[in-house]
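Could you put the whole structure together from the sequences, leaning on the hints where they help?
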Amino acid sequence: MAINEDVMTIISILNGEGFSVLAGDLMVEISQGRDQRELDEEALDTEKADYDAREPIAPEDQLTAAIQILHRRLVAPAKALAEAERLLGELSKGKPVRIRFVDPVEGTDRLATARDDNPNFPLGRDDIGQSDVADKLEELLARIATPGAII
Amino acid sequence: MALSSTAETELRNMLRAFRAAHGPTAVPNGDGKALEAWLLVKIAMEARRTGHWTVELRRGDGSRLPAGQPFDLPGGPSQLRPSNPSGPCFVHLEHNVHGTRLEIHGSLQWKGRSDARHECDISVIPAEIAERLRFNGGGYPHGLPVAAIECKDKTGDGVLDETRQTLARMFDLALITAPQGIGECRIFEASSKSRWGIRNTTYRGLYSTGTFAIARAGNFQPGARRLATHYYIATLDSIYAASGASVGALMSRWRMTLAGITTF
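For the protein sequence lines, the chains are A and B, in the order given. Read in order, the letters of the first sequence are residues 357 to 507 in the working numbering. Read in order, the letters of the second sequence are residues -11 to 252 in the working numbering.
Honestly, the hints are just simulated from the structure, not real lab data. None of these values were measured; they are calculated from a predicted model. Don't be surprised by glycine CBs; every beta carbon is placed ideally from N, CA and C. Errors might be hidden in some of the hints.
[To be verified] Below, a list of computed lysine-lysine pairs in the DSSO-like style, where the Cα atoms sit at most 30 Å apart:
| # | chain 1 | residue 1 | chain 2 | residue 2 |
| --- | --- | --- | --- | --- |
| 1 | B | K30 | B | K142 |
| 2 | B | K99 | B | K181 |
| 3 | B | K142 | A | K435 |
| 4 | A | K449 | A | K435 |
| 5 | A | K451 | B | K30 |
| 6 | A | K492 | B | K30 |
| 7 | A | K449 | B | K30 |
| 8 | A | K492 | B | K142 |
| 9 | B | K30 | A | K435 |
[Said to hold, decoys possible] Chain A regions said to be covered by chain B (calculated; three or more residues, Cβ under 8 Å):
| # | region |
| --- | --- |
| 10 | 365 to 371 |
| 11 | 375 to 387 |
| 12 | 449 to 455 |
| 13 | 485 to 493 |
Below you can see the structure in the form of structure tokens.
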């Protein structure tokens, strides 16, 4: 089924802002549709259990589906990482602990995610364990998903 | 009706801010690093919540992580590195009564019977095996981890082939027959021939002891779920869902693993 104009606009914005993998995934997910099967014995006994059996998403439902995907791929992981930093703080009986992903051999910040070194980082060192930007993105996505909310 | 120009502008600005705040770590590319870190810390917290385990954050040389220092996880697949304070961090667990010690690692590669390497997004290794590796120049543990959790930061459905891949890794890691020159065990370190755990003669018998799971942001196809369930691999769908059902299922399995650790 064709992707509607709103979703195509979001895909284009994602691609333009450096989220090209997500843009591609969003296009695939929306165009392939949703798997509506429930897990029950009846479903397991059908041939459909072993292959992709998605159903198209109606054009009027595609924006909502796209927003759900963005939430799961952007907002939820960012919040989860912040929660992990807070939990590490609890484990070490102190403040939240920054999580970095490093080159396992060099021990350096392999993914160039050193937020301390990023001049564009808006929140400074106090961001550890915080998800302010993800919270704001969540609010924006909710507004976009609500028809007429942003004119 | 198309998105308004206001909405487009707001979304562009917000994505730029998001990228600046979180960097590539939170930009989806299928690596699932944020999910990996989250679940790794969750199972560490769960161990502490049982009240039976002392949980500590450790550096790459096994020493305690000093206050204010970052917790560094491997950004890609890795062997267990030689002892080095700047190497990847891990979580150390020690039972308060029987003294069993475990380590929780991210992106650790294990070696199978074929000698092929298999990355486990999150895996739990006996501390005595990890220490042998760490203080003998590094290397790969052999055998089936105490726990192995695969993290899929994907919203699409987990297909049957994905579960087959997980099962193939577990098949290669399971020491159903005693490794030559080592003897019967669940896990071993090759250079020192250190062994841990007991052998089980069936795959399902081995998989039933331990925590094995695939965590997904999305769902699973029914056939994939059926295959995984038969081999005691938990299929954790909608892992970020507010209900916390999948996280709860993982923690339940993990608690059982910890409670039965002396029988491994």
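Now for the hints, and whether the structure bears them out:
For the given pair, K30 of chain B sits about 20 Å from K142 of chain B by alpha-carbon distance, which is consistent with the 30 Å threshold. In summary, the hint linking K99 of chain B to K181 of chain B is supported, as the alpha carbons are separated by about 14 Å, within the 30 Å threshold. Between the alpha carbons of K142 of chain B and K435 of chain A the distance comes to roughly 16 Å, so the proposed pair stays at or under 30 Å and holds. Proximity of K449 of chain A to K435 of chain A is assessed by CA-CA distance (about 21 Å); at most 30 Å being required, the pair is judged to hold.
Between the alpha carbons of K451 of chain A and K30 of chain B the distance comes to roughly 17 Å, so the proposed pair stays at or under 30 Å and holds. A threshold of 30 Å between alpha carbons decides the hint, and for K492 of chain A with K30 of chain B the separation of about 25 Å falls inside it, so the pair holds. Under the criterion of a C-alpha separation no larger than 30 Å, the hint pairing K449 of chain A with K30 of chain B is consistent with the structure, at around 16 Å. This hinted pair checks out: K492 of chain A and K142 of chain B have alpha carbons roughly 22 Å apart, not beyond 30 Å.
Taking the CA atoms of K30 of chain B and K435 of chain A, the gap is about 14 Å. The hint holds against a cut of 30 Å. With a threshold of 8 Å between beta carbons, the proposed coverage of the region 365 to 371 of chain A by chain B holds, since 4 of its residues qualify and at least three are required. Closer than 8 Å: that is the beta-carbon criterion, and the region 375 to 387 of chain A has 6 residues meeting it against chain B, so the requirement of 3 holds. For the region 449 to 455 of chain A, the proposed coverage by chain B is satisfied: 5 residues have a C-beta within less than 8 Å of a C-beta in that chain, meeting the threshold of three.
By the rule of at least three residues with a Cβ nearer than 8 Å to a Cβ of chain B, the coverage given for the region 485 to 493 of chain A holds, with 5 such residues.
Of the numbered hints stated above, none is contradicted by the structure.
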